[in-house]
Amino acid sequence: MSVHDFYVISPYLAMAGAAVLVILVDLFLPPRSKGLLPYVAFAALAGPFVMTLIQSYDLGASTSLLHGAGAFATEDPSILLGTLAVDRFALFFNFLIIGSVALVVLSSADYVRNMERFQGEYFALILFAATGMMLLAAATELITIYVSLELTTLPLAALAAFLMNQRSSEAGMKFLIIGAISSALMLYGMALLFGFTGSTQLADISAAIGQATGDTPFGNYALFVGIILMIAGFGFKLSAAPFQMWVPDVYEGGPTPVVGFLSVASKAAAFAILIRVFFTGFFDVALDWGILIAGLAAASMVIGNLVAISQTNIRRLFGYSTISHAGYILIGVAAGVKSGEGVFRVPEFAAIGPDSVLFYLAAYAAANLTAFFAITIISSKISSDQISDYAGLSSRNPVLAIVLALSLLALIGVPPTGIFIAKLYIFTAAVDSGLIWLAVLGVINSAVSAYYYVKIIRVMFNQPATSEEKITASPAPWLALGLAGAAMVFMGIAPGFVMEAAQEAVKALAV
Amino acid sequence: MLFQDVVFWLLTVMAVGGALGVVLVPDLFRAALLLIVVFMAVAGFFILLSAEFLAVVQVLIYVGAIAILIIFAVMLTRDVQRGNLPNRLQIPAAVFAALLLAALVTVAVDTKWDFLPADQQARAELVQTSAVTTLTAEELTEAGVTSPEEQAEVRESGLADLLISDYVLPFEAVSVLLLAALIGALVLVRPDPGTRRG
Amino acid sequence: MVEGYNGLLTATVFLPAAGALVLLLVVKGDRNVRNFAVLIAFADMVLSLVVFGFFDRSEGADRFQFVDMITWIPDVGLNADFLLTVDGLSAPMVALTGLLGMCAVLASWRIGLRVKEYFVWLLVLQTAVMGVFSSMDLLLFFLFWELELIPMFMLISVWGSGRKEYSAMKFLIFTILGSAFMLVAIVAVFLTPGVGTFNMVELSTQATMLTSAGLLIPLSGLFWLFFAGFAIKLPVWPVHTWLPDAHTDAPTAASVMLAGVLLKMGGYGLLRINVGMFPSQTDRFAWALVLLGVVSVLYGAVVTMRQTDLKRLIAYSSISHMGLVLVGIGSVGISQGTLTVTGLNGAAMQLFTHGTVTGLLFLAVGLVYDKTHTRYIPDLGGLAGRMPVVAVAMLIAGLASLGLPGLSGFVSELLVFLGAYQAYDWPTVLAVLGIVLAAGYILWMMERTFFGERRETFDNLTDASLVEAAPLALMVVTIIGVGVWPTVLTGVFESGLNPMVDILNGVINP
Amino acid sequence: MSFEAFLIVSAVLFCIGLYGSLARRNVLAVLMSIELMFNAVNVTLVAMAKYLAPAALQDDISSVLTGQVFAIFIITVAAAEIALGLGIVFAMYRTSGSVDLTEATQMRH
Amino acid sequence: MVSEAVIWSIFLLPLASFAFAALVVRPFFNRYSLISGAVTIAALGTALAFSIWTLRSVILGHDLDFEPIEWLVVGGATIEMGLLVDPLTAVMLVVVTGVSLLVQVYSLGYMKGDPSFSRYYAYMSLFTAAMLGLVLASNIIQLYVFWELVGVSSYLLIGFWHERPAAAAAAKKAFIITRIGDVGFLIAILYLFTQADTFAAAGLNAFHIPDIWAAAQPGFAAGALLGGAALTWMALGIFAGAAGKSGQFPLHSWLPDAMEGPTPVSALIHAATMVAAGVFLVARFFPLFQNSADAMTVVALVGAFTAIFAASMGLVMNDIKRVMAYSTISQLGYMMAALGLGLYAAAIFHLVTHAAFKALLFLGAGNVNHATGTFDMRYMGGLRRHMPITYILMLVAGLSLVGIIPLAGFWSKDEILLGAWNGNGLVDTWVSRVTFSALIAGVIVTAFYTIRMIILTFHGEFRGGIDKELEDKAQTAPAGASGHGGVHLAESPWVMVLPMVVLGVAAVAVGYLANPQWTEEIGIPRHWITGFLGDGLQAAMGAVGHAETLDFSRWMAGISTVAALSGIGLAALVYLRRRDQRADPLERVKPVHTLLTQKYYLDTLYEDVIVRKGFFGVIAGTLDWIDRNLVDGIVDLIGWFFRNIGIAIGKFQTGQVQAYATGIAFGVLAIILALLLA
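Residue numbers (the numbering used here), protein chains in the order written: chain A, 1 to 511; chain B, 1 to 198; chain C, 1 to 510; chain D, 1 to 109; chain E, 1 to 678.
No wet-lab data here; the hints were simulated from the structure.
A hint or two may mislead.
Claimed, not checked - Subject to a maximum C-alpha distance of 30 Å in a straight line, what follows is the list of computed BS3-like cross-link-like pairs (lysine-lysine):
id, chain 1, residue 1, chain 2, residue 2
1, E, K590, A, K455
2, A, K381, C, K371
3, A, K470, C, K371
Said to hold, decoys possible - Derived contacts from chain D toward chain E, CB cut-off under 7 Å, selection only:
id, residue
4, L57
5, Q58
6, T105
7, M107
8, R108
All residues carry an ideal CB built from backbone N, CA and C; glycine is no exception.
Extracted from the complex, chain A is given alone in its bound form (with noise of 0.2 Å):
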């Protein structure tokens, strides 16, 4: 490995490095000063940051920073071609998930107060998890997808199980072998496209691909069984219908900084790697797919939504919910594909359905953060998550009220709100795609989604406190709190510069 690799690949190393140093650390805390370790890993977060910010800032025009053969005559080609890319894409995502590490690290500081060990671990877990999705971004060949993928399914299992009681090893266990299981369907597939084309990169695979014409959708069974599998496998961390009965257990079961995390930031990779893979690998076949994927997308959004109506535990309303937004998402990879004119129907990109995809997932990100720093404020208050407990709130503490509300107006698509542009910017790409009726649907889902929302707005307000405890909470998760809630507001008033770097994005796939 060249220097120049390393450089490349600087920010998964900081990042696990930091995972590295926060267990260093926490070994040589004396106990009482633990309080220290999520600044610790907040700070640790720099390394990784700062990586990224100077790749995005060398990458300027150039689409990826590793050089092929031939790149500079002087230097040798770096041997991480094929299994890395670093482009805008992937530092979209490094950006988000790095941000969002860095809030739920800060939210956590209260939370993890009351376990008397492994805070270190704890931190760790997370950092290890956010390795792997980064890599799992910026991945481009199939044995490298697997690995990371595994790094990040395995930490969050461990996390899931984190609290060492019941319903959380329960979740801990549902989590793994979900994920095993899901994992080996879509080893299988990886295995049959592999067989079939050759090879393991997705360059190559979609060259492959190109020639696969049968008359068996995706132009031959290998193919065929191989991609499908291979959804299975991402659908299940996508969360989306009918991978995703997992979710409302995990969510309910898991420490809740963690469930925040994996909503969102999990979430954000695997929508990162389902359209690279199929976008730059699989695009010849994208007819076929799309239709499927627009398919998994109504899906999601009916049940997810249907089944939440009659949710009382707010984690698990949340759990349904991420369901569905997973399938807004969904109309927006489904919304990239064109169906061109002309005899052959060759598939066509339309940039704005990823576009809106990688808009949605930021203001996602923000919006459900927020909701989930102030849901684990609260449970850590009241200890418990009933919709019935969270009676009054308004009187406990305002400002945490209105901030919720907020959030989960924002979840409803209400302006303004991130999540309202990014439905919009979603829809529209739907109708410009000829998507009418997943628009359509989608449109009247997030109608219905509002009433369960509300509901929960209903109960905070309009019913009696039943204790008058006031809710507080240390710095850290306010200022959490706060970063997630005006950065969910500031991309619903200027959402120009998100949308920007949305779009830079989505051109380095170059497809």
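Given chain A's structure and the hints, the job is docking chains B, C, D and E onto it.
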């Protein structure tokens, strides 16, 4: 080729039989032992497929580590007497598995695979039985690898080289993964029940 | 075509929101909160009246005035502007919002529960409505449109009465569903080849931008999608059922705003978007609008007859009166001859007058409820002797709503009928029957509530205090003023509607 | 002993593993079944490496090893997975006193 | 030559006094409420003077058309407010202001001490102002505006004692029923606007009344813009409005109930303002009617039928004011019939005379009530000894109503009968024949109920008044009685008597404006008023020269006199010689009597059957049910449906992890299958 065929079928019987045993026998302990049989069979397959190195790894890691771990776990959780009972999902599980099998077999049979050209067989053989570095030029020439640069290429290529060259990134990633998994497991088997909050 | 930054509208729209923020963070103590809210509302009323008063209604003046324009979302696939401006159609609406906002705040004097929060929501609501009436960018328009939901939801579900939560949720779901359809339409309009803008000024001044070539959704589809959103708000039979519940269970001020301005958003949208941007479709489907309008008029009026709850009665009467708006818009379906602005102007006038009239009705009813603690008509009676001021206000409002000349209601109804009769004579005749029914239920209500023998329990009721009488007076003056000198409004409306009518005439007889 | 034969055998193994992971109560049995599935995938990969022509055959002979590399990674990850899995099983056993999946249904609907 | 400002002020003065009374006196100086009375009377006095001035300058033939003011210009609609001063207007002005003034003076005494004295005068001024505006209007919409204002002020006045349920109900009834008629009027206006373009093409304004006249004339330069069926329907629409206000047959039932208002109000309504408005409206648009024989026929027949029909009900009423009310309806029937037969001038003339004696009658009734505290004639009797002046005045008025030569009523009614007999080719002869016979019959009935009323009230001996009535029907509140409870048999104070005297003079003298043979001595030409009005009509129709007037026919005079006398004789026979003072001899003819007392069961039909049961019960009930259960129910159902779908899906979430895995496997297979089949 007769001998190999016989071995193949033998292994097949071992593998499938063992696998069925794993998922069917009521006694969890026996199931675990049968699992080892399957692992061995798979190792046998690897040898048949001229992947001796993998076979070794298989035996070491799976039989030596994983299976033993599982057996310990079986002991520790003391659930042996409860055994390995089926749940209510048998029928759907069987149906779905059967359907998937049908699909996969169709794939295996109906796909037009792009086979390795005959003239390359020998070289591939050499490279895969990753003992290439020790071979002499004569042996290589016998195997049809005549030109020196070809010989050099074949000599250099080996699993280990790949792992630190083309696949260095997943290699590093997997090391991180192992570390993470280690830490996770460590945390989870910790003695104190920790906090009860959810 | 429209640019510059005047700033007046920005102030008018965002003053209440800013006030709400200050209220939330700074002001302490219920008394101060009230006074501050009144101050803000008054200032905003003045601003809105300035907008209306200084609107240049002379010949050849710009159609759109007081432009506040800056780029909001830069040109990245979804370019939108922050564009506030008023034309003849929206200026009176802004004024109306200012007036009713003031009344609503004054009418909330007796609120004792969570005062600060209450006024915050009320002021935010006013910003939202102001924004709807003065934003000329579809995206911004939609933004304000949605923004109005939550304050109203909270007002109903916290400070309401009866099945308040059910009603609030019903209101919310209905409106969101409607705006969902609208959103799709907006997107489709934006994506139409050759459009690529949310700018309503361009869209409505060059309505030919939307020709059926290369549309993602056929024009008729767009028309009906928009219509769905506005019809629910207006509301039109049969999607009216949220309205009686919401009006009945809302607190007085909320009812005033709801009936006074929120319903108007629907009519305004119909005029601004359906008529303004889809002239051909409006012409094509005018008959359907008239049909729905007539049904709403008669159905609403007849059902009103059966109501025994004062607020519910007024609510149903609103359905009937909003039906007239549709009938007025339907006057564009004129088959021969050239369309005149009469009917549309009537519709616009009806929006304004109904706003004031119903506002006044709800104010009066609110007072009755405050004093007697009942809205059940059979329990009331003979109040006129004890509370003459309220009675007079109620009577004037009632007479106005049954279209008595000299009061604002007459002008709008007359114009609607004049315009609509040319296009659809028999339906219009049916609609005219609606005013007889109106006389029926209004007078019946007056008789049972204020006349006849008085129960002993009401013998020591007190009449409206000064604070309570102030909004009544404000509304009464408006009603009589508009009724006696309607040109003050019609002139302005005409300046906004004439361009639309010109385009329409181009469509009707090419 | 053709390529398809290997593929079919591995498919059979895979599906048996799937069945087991769906139909067994004991979480350890499920883990074992999952291992079966991974092994099946490995067999497939290695068979492909042996019989099928890699895309980059001409310019890089070592690409015939890709399948084996893949298999190695799978084996390693599987090891990590099982380790963590057992950890979770212990946690679960400690908190609920059972490794029966049909009893681990605290959270539902 | 009278100036525009003066004419405007005829209308504006009462309006101002209304504003003053309502906005200044009532809220702030209610203690000195007498001010408002004074102000009103002053205003009306001035208005009367101005009206007479106007009349004079009309007679002198000054050119009195003024530029109208633009009130509202929207698109094609140009709505103006202007003055239309022709003989009809002039005459009406005098009548309205005159009668109103006298009534106001009378009210000073009658309403003395009423707590809402100034409110009363405010309403009265508004009422008069509205009527004057109506008379002066030169634009049909302007006319409609004041038309409605008349309606609403009558609503206010009828319901003046609003704490009385009966009063409130009557007010509501009056307003709604007249409103029903107004729909016709409004539709006529709407139709006019559809013709706006053609009007404009001919240089006319579709709302300007003279333009409408012109447009309806066959001889019009641009050809008749209005004609044929359209014209007929328009005329009928206008007539519907008129029928509502003037209580013509199907829409008459509100008028008797309107007695719930204070008596002077009734006097004003019945004599000069409200009900006169209907006749005035038809007269105003007479040029239209004249060009549609069908419309004329309808008007004539409705009028004739109403005349006899209402009179018949007048026979049996016990409430003195109700008797007068029905007599009003029937007299209005005479006028309508006259108009229908084309006897424009005669109709107006009768309107004038009727205004005089009917006002007088009502004021007399007011006096009687003042004395006895009741309106029920069964508790009166023998009052002529106690209140002779009232007796005489009422006798004069009554005979004038009956049409006894030489009183005013005779001359006007005679004109009508004569015209009806002759007919004038505007309608088929059978129509005029039918009408004539109805009217003659009407004369007899009129004579009968008038004399019955006089006798029951003033002859025989006193039957106890309100006190007796109360103990008879032992109820707490005096139903239908004014606030003047208690019996004190005496003549009313001079404020009340004086106006009556004036009216009495009028009731005798007004007739001499018309066609008695021996009037040269007085210096008034024969047929002066009819000629005057007729010329006005001629001018309106764009024709020149004088309208020919009917010659006085002794035969006709004789016939009508005979009819009247026979009625009188019959009544005297029956009522002077009855044994039981209490019983009404007519009750012997039981079925007829009940039918009449039940008003032919029309009120029952309207209120109970049609409105309550039919409309409110069935139609409104059904719709309301639909709204509650269907429209609303569906909405709730949808919500319920989705919630349960969600719960159903949730049931799959058994919590067992392998179920989820199965879900995944199922998903994969389902997708494969779907794509294979697709």
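These are the hints, each one checked on the structure:
With a C-alpha separation of about 72 Å, the suggested pair K590(E) and K455(A) falls outside the 30 Å cut-off, and the hint is violated. Only pairs whose Cα atoms come within 30 Å are accepted, and K381(A) paired with K371(C) is rejected, the gap being roughly 44 Å. Between the alpha carbons of K470(A) and K371(C) the distance comes to roughly 37 Å, so the proposed pair goes past 30 Å and is violated. Against a cut-off of 7 Å between C-beta atoms, the interface hint on L57(D) is violated, since the closest Cβ of chain E lies about 31 Å away.
A distance limit of 7 Å between C-beta atoms decides the matter here; for Q58(D) the minimum to chain E is near 34 Å, and the interface restraint is violated. Against a cut-off of 7 Å between C-beta atoms, the interface hint on T105(D) holds, since the closest Cβ of chain E lies about 3 Å away. Hint status for M107(D) relative to chain E: holds, with the closest Cβ pair at about 6 Å, below 7 Å. About 3 Å separates the beta-carbon of R108(D) from the nearest beta-carbon of chain E, less than 7 Å, and the hint is met.
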